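*Asks:* So in the numbering used here, spot 93 of the sequence shown is number 1436, and the numbers just go up one at a time.
Keep in mind the hints are simulated off the structure, nothing from the lab.
Be careful, since some hints might not be right.
Unchecked claim - Restraint ranges, calculated between C-beta atoms of paired labels, are given here:
no., residue 1, residue 2, range
1, 1381, 1431, 31 to 37 Å
2, 1378, 1425, 30 to 36 Å
3, 1401, 1378, 21 to 27 Å
4, 1379, 1356, 24 to 30 Å
5, 1430, 1381, 21 to 27 Å
6, 1399, 1374, 27 to 33 Å
This structure is a prediction, so every number in the text was calculated from the model and none was measured.
Even for Gly, the Cβ is constructed at its ideal location relative to N, Cα and C.
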Amino acid sequence: MIVQFRATLWVWEARPDEGWTFVSLPADESEEIREMTGGRGRRGFGAVRVEARIGATIWRTSIFPDAKSGCYVLPVKKAVRKAQRIEAGDAAEVTVEVL
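Starting from the given sequences, assemble the full structure and let the hints guide the process.
*Replies:* This is the structure we're talking about:
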């Protein structure tokens, strides 16, 4: 499954000083991923392995369910933000492929 969307980067409120930056996947697609994975292949914290892309940067990571919103969230590491010249508050075109 491949999900393409535009989202605003945000900082995790629980640890704002540590710079954990995320984008939220759309609700409908998050529900499809939840149904598709059905617990199969899930890792700790309900994580699902993905390949992500923002701009020219592609990396493998995991998405995590967010209890507050019900959506999956994608961590966007500092190297990606730096390479694409984006930061919290900026919107980005994101592609996520469930592995």
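*Asks:* Among the hints numbered above, which are violated by the structure, and what are their numbers in rising order?
*Replies:* Checked against the structure, the only hint that fails is number 5, while the rest are satisfied.
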